[in-house]
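Novice: Read off the chains here:
There are 4 protein chains.
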Amino acid sequence: MVAILKRGVTDSQIESLCKWFKSKGLDTHISKGHYQTIIGLIGDTSKIDTDLLEGLEIIESATRVSEPFKSANRKFHPEDTRIEIAEGVAIGGGAFSLIAGPCSVENEEQILSVAKSVKYAGASVLRGGAFKPRTSPYDFQGLREEGIELLLAAKRKTGLPIVTEIMDASHLEFFENVDLIQVGARNMQNFELLKELGHTKKPILLKRGLANTLKELLMSAEYIMAGGNENVILCERGVRTFETYTRNTLDLAAVPMLKELSHLPVVVDPSHATGRARLVHPMALAAAAAGADGIMIEVHNDPANALCDGAQSLTPKQFEKTAAAVFAVRDAIKM
Amino acid sequence: MVAILKRGVTDSQIESLCKWFKSKGLDTHISKGHYQTIIGLIGDTSKIDTDLLEGLEIIESATRVSEPFKSANRKFHPEDTRIEIAEGVAIGGGAFSLIAGPCSVENEEQILSVAKSVKYAGASVLRGGAFKPRTSPYDFQGLREEGIELLLAAKRKTGLPIVTEIMDASHLEFFENVDLIQVGARNMQNFELLKELGHTKKPILLKRGLANTLKELLMSAEYIMAGGNENVILCERGVRTFETYTRNTLDLAAVPMLKELSHLPVVVDPSHATGRARLVHPMALAAAAAGADGIMIEVHNDPANALCDGAQSLTPKQFEKTAAAVFAVRDAIKM
Amino acid sequence: MVAILKRGVTDSQIESLCKWFKSKGLDTHISKGHYQTIIGLIGDTSKIDTDLLEGLEIIESATRVSEPFKSANRKFHPEDTRIEIAEGVAIGGGAFSLIAGPCSVENEEQILSVAKSVKYAGASVLRGGAFKPRTSPYDFQGLREEGIELLLAAKRKTGLPIVTEIMDASHLEFFENVDLIQVGARNMQNFELLKELGHTKKPILLKRGLANTLKELLMSAEYIMAGGNENVILCERGVRTFETYTRNTLDLAAVPMLKELSHLPVVVDPSHATGRARLVHPMALAAAAAGADGIMIEVHNDPANALCDGAQSLTPKQFEKTAAAVFAVRDAIKM
Amino acid sequence: MVAILKRGVTDSQIESLCKWFKSKGLDTHISKGHYQTIIGLIGDTSKIDTDLLEGLEIIESATRVSEPFKSANRKFHPEDTRIEIAEGVAIGGGAFSLIAGPCSVENEEQILSVAKSVKYAGASVLRGGAFKPRTSPYDFQGLREEGIELLLAAKRKTGLPIVTEIMDASHLEFFENVDLIQVGARNMQNFELLKELGHTKKPILLKRGLANTLKELLMSAEYIMAGGNENVILCERGVRTFETYTRNTLDLAAVPMLKELSHLPVVVDPSHATGRARLVHPMALAAAAAGADGIMIEVHNDPANALCDGAQSLTPKQFEKTAAAVFAVRDAIKM
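Residue numbers (this note's numbering), protein chains in the order written: chain A, 537 to 871; chain B, 537 to 871; chain C, 537 to 871; chain D, 537 to 871.
Hints may contain errors.
Note that identical chains are pooled: a pair holds if it fits in a single copy or bridges any two copies.
Only pairs whose alpha carbons sit at most 25 Å apart, straight line, appear in this in silico DSS-like list of lysine-lysine [said to hold, decoys possible]:
no., residue 1, residue 2
1, Lys560, Lys870
2, Lys558, Lys606
3, Lys751, Lys691
4, Lys542, Lys606
5, Lys853, Lys751
6, Lys652, Lys870
7, Lys611, Lys542
8, Lys751, Lys568
9, Lys606, Lys853
10, Lys693, Lys560
11, Lys568, Lys611
Read the hints as simulated data drawn from the structure, not as lab findings.
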């Protein structure tokens, strides 16, 4: 970390500042120029708060040279991390998975039918919402624990591992047999939940918040990893922008950028990002071309009662076509 | 709610759509024009998901005529709500409160000293962070339950009611004697927490999320109110924009806008919004001029060890001056 | 267009409103419900200002059923538009072009060398900045007309058509032999410039503004087309978000979304969007997978004096690899 | 400027970098630590492009210690600038002006009537749109030069100086007798226009762009000032955020922040920022409380044909009340 001091700072102010840095376990390296004095801080600066430093009267600006995340940092862990979701199913370190299923679990027939279709088309993980975060208290809140039971039934019948969202640490007991626990965008900075998940050994799918930066996403991963659970998969699902034709703006540059910064796998969710079924196919292909380790797609099975399906879901037939094209793009970029 | 159908929709499609609306308890009012057909929906449409409707193949767009929030809506509750924080201390319905105190509770001497200073300057509620949401797991996480004990000690000695932040419903037991419970910006859409707070009778200070709209803020208030707790105070604390000189952008138009939409009181936090002590004074005056029911300001007392105080805190002396100016502006706008 | 009236509006107010609509050449279709009255407007509503309507005391909300853009609208022009840049070089309607070249034209040797390299690698259009929009008046402003002369020299020697940016209508004389005129992001809503370009017959590459929506981009295309020049190519080059690791956020869903809304070709610029050379390759592949009609990439040729080259430029060798991979992805998605 | 080098950079790379800095007229001050090497640059670094530096393979990050704007910088010009708009009418340096008038100039009777009303209520500058930037080519584009003639007629009859917007440098001839020339938000980075205005001596009202930072606003002021015209007034008029109840989000912290960074006067436009007449009054008071040097408010005079007036305009009667309250707030904050 480098701190640039304001002009006119006195020697005794500098001395007292350096004493304080020393009390934090840091060595200092002072360089006085004609116009300004620069202090380089050497040691573990991850515990120093940049905002706090910049708030001091005598400091012009403070710049972190090293990233504030450690466990998630590729610098200290150059190899890609590969996370085993279930026997024979992995994400990252060269392994790729298609994750598919309905927005909400509605009943046994629905989830089983979708599970079979997506497995046939090439998906290796089944998704389905049981606990549903909704903006309005009057909207459907999901089948909750019953939804997880239905997912587990589909898992038993198809062999597909399952992923579903957790909304509160007090629900952890229901997730015992869930293979991959999703933390939704609105809970990306629910730090108490992240800490609890850090005390489990479960693979976690951590979705980027609606207006969060990649650094903040990595710091949230760090919360889980600092607790001892290194099985974190990052998920890009679109950020809020001023665009209104699409629900959010899928940030595909996040895929190679995150992989440069971190060793953790990166999954893309084009369904929630765009909110429009017609855009899911091209965005899934683009995600594959950008190097994603997994793609998560909403699929519904209910042509007779399409009213209850989301604007963003593919039919099983559409998913089949998209899955094939995704694999073709992956082959093309390997060449 | 008004649904505009796409061109070329057939009569049988319209019929089947109306049947579905009826199954949801809604009456329909169809108006066929040369170019398009419009369906007006009459009844309680708060349970209809606009996104879902717009996802249907036959629907061009769906517009809500009535707001999706009800308990918080001024239409159904024209009088301003006044919330009693403690005996003789209220916010809203004409009552105004200055809320002041340190970012973090550090020790008994600090919190008591600040409490006395801010009370002397005209504050009627003491704030102080015990459970601290921090972006990094390596940053100071607050004194937690011990911090609340220290706040309660200061309350006993000064008579000031206290406000402090809750981060997880499982901590509710520690908040029994807290007068006003704060939900922080990052938890504005932690719906499970909101639901739990809806089952208490405690006054809640609900902060707007970093990138959330006023409608989303009101929907989160609605989560608390739907559970039976109508004691919600809304708090504007700045939103994320592209500006970097200030930490966030304080949206003061939110004050009159929220008061037009809702009967709930509105408090402004200029300290977190700007992140710079020098901007707190003018923004506190502007908040008063905009009609805020309360203003929440960070005050520290530690000139000897200023390193541990935030860039955004006022000294007790500065706060005294700001408080006097706030009251002068309130007098001026009454004229 | 549909206008929803507020409750309590009187019959004489409705009558006077409808009279005004008629004076604007519109037919009205009134539908009175229990709770609200809806007025459907039939005719050419593109001249009605939605903001103005919503500002009226008696109107709750106004919704445009048809898009406000006409010439650019796919509804009235279902076939993809193919724009001929030069003999044998087209963009759109199935034709794809790689556009490549340096950020700034620096001297004859540089531009000729890059032109030859990118042509060899498969580019069919040469780009190069002559008039440079810079945030600071103290930054290099480009070689201006001299830069265009150098581009024209490279065009003569390689046969590649050229694209370069215009910053003011008064410079149009210098663009006589430029094949494709670029309007930069900061000038997307320089309406006087757009009007002037509408009076030429030149193909225009219109870049999306840094914080503009797709609808605004299409309305700016409409400014050019309304003047009689239908040769408009849209360009996605990233929008401003809160992310700081990348310069901007490339919105690849804009590609299929724009192609659904409009018949105009869509080109993607991954170099400016990301600002980082290492991200250009994966984002170029993703753009191809998303269905772009062209990709514009910065290439420099100056290993000895790399200081003067942008952080976002590829070397000719890197570009060769990227170009080959782009063509492979295009083949894969055709399958 | 401080450049932090990457680990592993060789001595010969550092030497060659320093040679390049010297060729730019800069002295270098190298400080080698255990972990990193830092180069301090001494001299006029405003000509060094930070992006370019950060693009170099050997540089980790580059931080500007001094701001890139000079003429607008308070450091080099500690006194507030006072700009004379007309005899006896000034903005800045303690002088405050209310600027008022209609969104668009429509006809002589309208502009004269509004001019008289706002003068009576305390406005000292008349505003009115002649050249109108509109998102759609089909919307009313203003009366253009005829509109300026009508403003000049109102000026002659009332003695009020006038402000109106310029959209292209080629229109400058029409602005000869305009007292204050406005550059609109969409043209804030129309650098060719700014350069031309820098060659005049006219006071310029420079509006902040919809998604621009304060630094970018100051850099655009710098474009005008670098040409020799130091008469620049900055105008905060709201930035784009995700909020939809208001048209834009008025950033009032910009007022004290800009005044800290720069000596130039700062004016606030609450009408365009909020887009809602009911919010103009509280936001005008808040702007006064925040320390604005001027406030610009839309006023219309057309109760009979309110349809043609903006949603954001006050009536003359409303303006009278707002003006009085603004002056009362200014008195209150002086105490």
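Novice: For each hint, tell me whether it holds in the structure or not.
Specialist: Structure-based check of each hint:
In this assembly of identical chains, the alpha carbons of lysine 560 and lysine 870 never lie at most 25 Å apart, being 48 Å within a copy and 44 Å across copies at closest. When the C-alpha separation of lysine 558 and lysine 606 is checked against a cutoff of 25 Å, the pair qualifies only within one copy, where the shortest distance is 22 Å, while the shortest distance between copies is 37 Å. Proximity of lysine 751 to lysine 691 under the C-alpha cut-off of 25 Å is found in neither arrangement, the shortest distances being 35 Å within a copy and 39 Å between copies. Proximity of lysine 542 to lysine 606 under the C-alpha cut-off of 25 Å is restricted to the inter-copy arrangement: shortest distance 18 Å between copies versus 30 Å within a copy.
For the identical chains of this complex, lysine 853 and lysine 751 are neighbours neither inside a copy (38 Å) nor across copies (32 Å), given an alpha-carbon limit of 25 Å. For the identical chains of this complex, lysine 652 and lysine 870 are neighbours neither inside a copy (29 Å) nor across copies (28 Å), given an alpha-carbon limit of 25 Å. When the C-alpha separation of lysine 611 and lysine 542 is checked against a cutoff of 25 Å, the pair qualifies only between copies, where the shortest distance is 12 Å, while the shortest distance within a copy is 32 Å. For the identical chains of this complex, lysine 751 and lysine 568 are neighbours neither inside a copy (32 Å) nor across copies (27 Å), given an alpha-carbon limit of 25 Å.
In this homomeric assembly, lysine 606 and lysine 853 never come within 25 Å of each other (Cα to Cα): the closest approach is 43 Å inside a single copy and 34 Å across copies. In this homomeric assembly, lysine 693 and lysine 560 never come within 25 Å of each other (Cα to Cα): the closest approach is 56 Å inside a single copy and 34 Å across copies. Taking the shortest alpha-carbon separations for lysine 568 and lysine 611, only the inter-copy value of 21 Å comes in at or below 25 Å, while the best intra-copy value is 31 Å.
Checked against the numbered hints listed earlier, the structure breaks hints 1, 3, 5, 6, 8, 9 and 10; every other hint is satisfied.
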